[in-house]
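Asker: Here is how the chains run, residue by residue.
Number of protein chains: 2
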Amino acid sequence: MMATKITLKTPKGMRDIGPQQMLIREKIFKLITDCFKRHGAQELDTPVCELRETLTGKYGEEAKLIYDLADQGGEILSLRYDLTVPFARYLAQHKTHSMKRYQIAKVYRRDNPKTTKGRFREFYQCDFDIAGPSDTMIADSECLRMLYECLNDLDLKNFLIKINHRRLISGMFEIAGVPKEKFKATCSAIDKLGKLTWDEIKKEMCVEKGLEEKSADKIGELIKHHGSIEILDSLLNQELGTNTEAKAGLEELKLLHSYCDALGINSSIEYDLSLARGLDYYTGLIYEVVLKNDELELGSIAAGGRYDGLVSTLSDNKHNIPCIGVSLGIERILAIIEQRMSNITQPGVNCYVVSIGDDMVAERLKILRELWSEGISAEHSYKAKSPKLMKEIPHCEEHNIPFIIIIGQDEVKSGTVKIKDLKKREQSEVERGKLVEFVKEKLADQK
Amino acid sequence: MMATKITLKTPKGMRDIGPQQMLIREKIFKLITDCFKRHGAQELDTPVCELRETLTGKYGEEAKLIYDLADQGGEILSLRYDLTVPFARYLAQHKTHSMKRYQIAKVYRRDNPKTTKGRFREFYQCDFDIAGPSDTMIADSECLRMLYECLNDLDLKNFLIKINHRRLISGMFEIAGVPKEKFKATCSAIDKLGKLTWDEIKKEMCVEKGLEEKSADKIGELIKHHGSIEILDSLLNQELGTNTEAKAGLEELKLLHSYCDALGINSSIEYDLSLARGLDYYTGLIYEVVLKNDELELGSIAAGGRYDGLVSTLSDNKHNIPCIGVSLGIERILAIIEQRMSNITQPGVNCYVVSIGDDMVAERLKILRELWSEGISAEHSYKAKSPKLMKEIPHCEEHNIPFIIIIGQDEVKSGTVKIKDLKKREQSEVERGKLVEFVKEKLADQK
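Residue numbers (the numbering used here), protein chains in the order written: chain A, 4 to 450; chain B, 4 to 450.
These are computed hints drawn from the structure, not numbers from a lab.
Here the structure is a predicted model, which means the values were calculated and not measured.
It is possible that some hints are incorrect.
No farther apart than 30 Å at their CA atoms in a straight line, the calculated lysine-lysine pairs in the DSS-like style are these [what the hints assert, rightly or not]:
id: 1; chain 1: B; residue 1: LYS160; chain 2: B; residue 2: LYS185
id: 2; chain 1: A; residue 1: LYS450; chain 2: A; residue 2: LYS416
id: 3; chain 1: B; residue 1: LYS185; chain 2: A; residue 2: LYS98
id: 4; chain 1: B; residue 1: LYS386; chain 2: A; residue 2: LYS98
Selected chain A positions facing chain B (in silico; Cβ < 7 Å) [to be verified]:
id: 5; residue: GLN96
id: 6; residue: LYS98
id: 7; residue: HIS100
id: 8; residue: GLU373
Glycine included, every Cβ here is placed at the ideal spot set by N, Cα and C.
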C-alpha cells in the first residue's frame, strides 16, 4: 500500500473551531463586547498584516516570534503580533486625539504551542484601550475596573490583578546598579519568572546580558516584595523611597489605590514588584491577571498597561497621544468556560418538512418557501422522496427541531397539512393557507 | 529637514475599518447570519493560514494571487484564498458525512486592488455551504433560494442570478473540438469576459493556450446564448442536445428550474452559457450574482457552485462528500449599503458623570461604579477636575449621550445628585441612594 501523499491538518498551533465551540465563543464575545461598550468603547478592525517596519522594535525579545510573509514583490509584510501596535499605528496615521476602541481579533505568534494550556500560534485577543489625555491614574483606574467587570461577567470570580509600574522598575534597576542601556533586556529576563527559576534568570542576566552578580542579587531581593496597600507605604520608607523614579512610581500607585477604593476593586488587586511585562512599549502602570487557584497552569489570562510613547514612535514624533489598555487572552479563559458550558446544545431550526409519496418535492419546497419568507427557520431532507417518518423523527429529536410538517397526496387534495409537535407528542391538521400563522403561534408558545 | 523614515500606512489593498463602518458591517453581518441560520447552517472558524499544499492545484490560474508566508523553519504556509478549500479540508480531515456550515471571515488575494470598486487584497467573504448527499438539484435549489433571501434582506432588489453548468460547458468544449486537457485553461479564459473583450480572450485561447481558431470561434458562438427557461428547451433541440454531457447539464438545469419555480425565485434567474468561473474545483451547477443596474461596475457580488470532488481530492480519495455553496463578497455590496446607511449615528453611552469643584474624583468614581455595576453604560472626563458644565454639554450632545449626572460638594452634603436630561432639557434632583433606580426608569422611558 502506498503511503498517503497529502498532509491533512491545520498548521501547527492553529485549529478549527467547530460549531459547538463557536456557540460558546459567541456567548463569551457578547459578554465581553457588552462590557467594552458599557465603558464607551467603539469597534475598530485592522488588517491581519502590517508593514514589517511597523512592528519592528516594539516587542523586545519576543520579536523573533513574529510571522513574516514571503517577499513576493511589493511591500514587506508580517502578521500582526498583537492588537496594540496596529491600534497605535491607526492613531498615528489618522492623527487621532482621543478614542476608546475595542477590537476582538486573532493575533499570530510562532511560539511553542501548548494547546492543553490554551497556548496557540493563532489566538483571539479582546482588546480595550483608552487613547487620549488623562490626569494621573484616572483612565488607568477605569481600565482596571473594566477588567474587573469583564472577569466577573465571565463568572471568573477567583482572580487576582497583579500590578506594577515601569518607573518603579526603573528605580529598582537604578538602585541595583543596572546600566540604563540594559533596562529593557533586564525587564525581559524578569518577565520569564514563572516559566524559569530565579537561578536560571539570574544566569541569563549575568551571562547573556552581562549584569554584575551583585546587581542581579539586588534585583532578586527587591522583586520579592508583593502585597496590598501597606507594601507601598513600607517601600516608600525604605531604599526605594529615596530614588526619584521609584518614588514617583510608588506615589502614582498610591493614588491609583485611592481611585480603586472608590471603584470597589481593591480586594482583587495585589502590588507585585516582580511583574515586568516583556514588551518594550510600556511606560507606566502595568498589570496582569492570574487565577488564584490556577490548576490548569494557564498563567496570565489578561494583561496590559500604559504606553505613552508608542504613537509618537510610530509617527516619527509628529503626533503623540498617551494610551492605556488591556488585552484579554480568551483562549486560556475558554479552557475553563468550555468545561462549564459543555452541556449547551446547538439550537435546531424551527421546522422540518417531510413529504409522503413520490413527486412531492415541489410541494415540500412551496411550504419551505412560505416558512423562510416569514423568517421561520426550516430544513428538509435533500432526497427527492422523503425518508420514512419513523426515520425523520429521531433525526429531528437529535437536532433539536421541535416541529415536523407533513404533506402527502391526501393533504394536497384536502388543502391541509399536518404538524407534529415533538415535545408535546401531539399532531394537528391545519388548513394549508393557515400553516405559517399556526407555526408562528406554536413558536410564540414555546418562548 | 530630514525626510520621515517611517511609512505610516496599511498594506496595499488592505484597510482599517473604523467605528462608523463597523456599525454598518455589524448590522449587515447580523442580517446575513440570520439568513444562514434560517437554513440550518452552523458556524465554523478555520485558521487564516493553511498548509500551502492544501491550496495547491485548487484555483487554476488564480493560484498566483495566493499570499505565501516566509519559510521561517517548520511548515510551509499560505494565507487562505477563499473559505471553500479550508471547509473542504475540514470535512476531509474530520471525515464529516454531512454539514451545513457558514463562515464569515477575511480572505487574501494579491490582486490588483481597485478600492473604489470594492476590490481589496484583504476582504470578507460570507460563505454558506451544504455538504452531504443530495438528490439532483435539491440542495442546489436551496442554495439559490438562500442567496435570493439574503440579497432581499440586504435590500438589494435589482439583482440577477446568472446560472450555468460545468457539464454544459464541457459539452460546448467537446462540440468546439477543444482537447480535454485544455478544458480548465479554456474555462479560465472565458471567465475573463467582462474584464477583457472577446477578441482579447480569443487571442489568449489561440496564442497562449494553443486552441484552434475554429474552436475559439465555435465557443464564441455558443456562449452568446442566455435567457430564461425557453433557452434550455431550444438548446436541447439544437447541436448541444446531441452531446451527452451538454444534454445532461441542460436537463439538470430544467429540473432546477422546476424547483426554483416552487421556491418562487425564477424571475431573478438567467441561464448564461458564457458564465465559466475560473476555479478548478467546480463540477456541476455554477452561479454568479450581478446587479442589473451596475453603475458602480462592481461585477459579481456573490458566486458559487457545486464541487463534488474537492473533499475527495484533499483526502487522497479516502473520503468523499458532495458539496454546494455560495460566497457573498460583502465589500462590493458595502459600497452600496454604506451610502444608504450613511446617516446611522454611533450610539452614545447612557450617562456622563460630571463633578463640580476640587477633590471630587472619588465621588465621581463611586457613581460610575454603581452605574456600571447595574449594566448602565457611562463615561466621564479623565480630568481630576471636571471641565465646566458649559463645555461638557456640547460634548454629550455630539456623542449622543442623553443624561448628565452632576455631583458637587452641595450634593454630597445633602445626599443628593442632579440629573440633566439633554433631550427634554430638564434637570432633576434625586436622593443619592435612588440614583440608579431613577436612571433605569429614565432609560426605560426612552425606549
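Asker: For a quick check of understanding: which of the numbered hints are violated here, in increasing order?
Answerer: Hint check: 1, 2, 3, 6, 7 and 8 fail, others pass.
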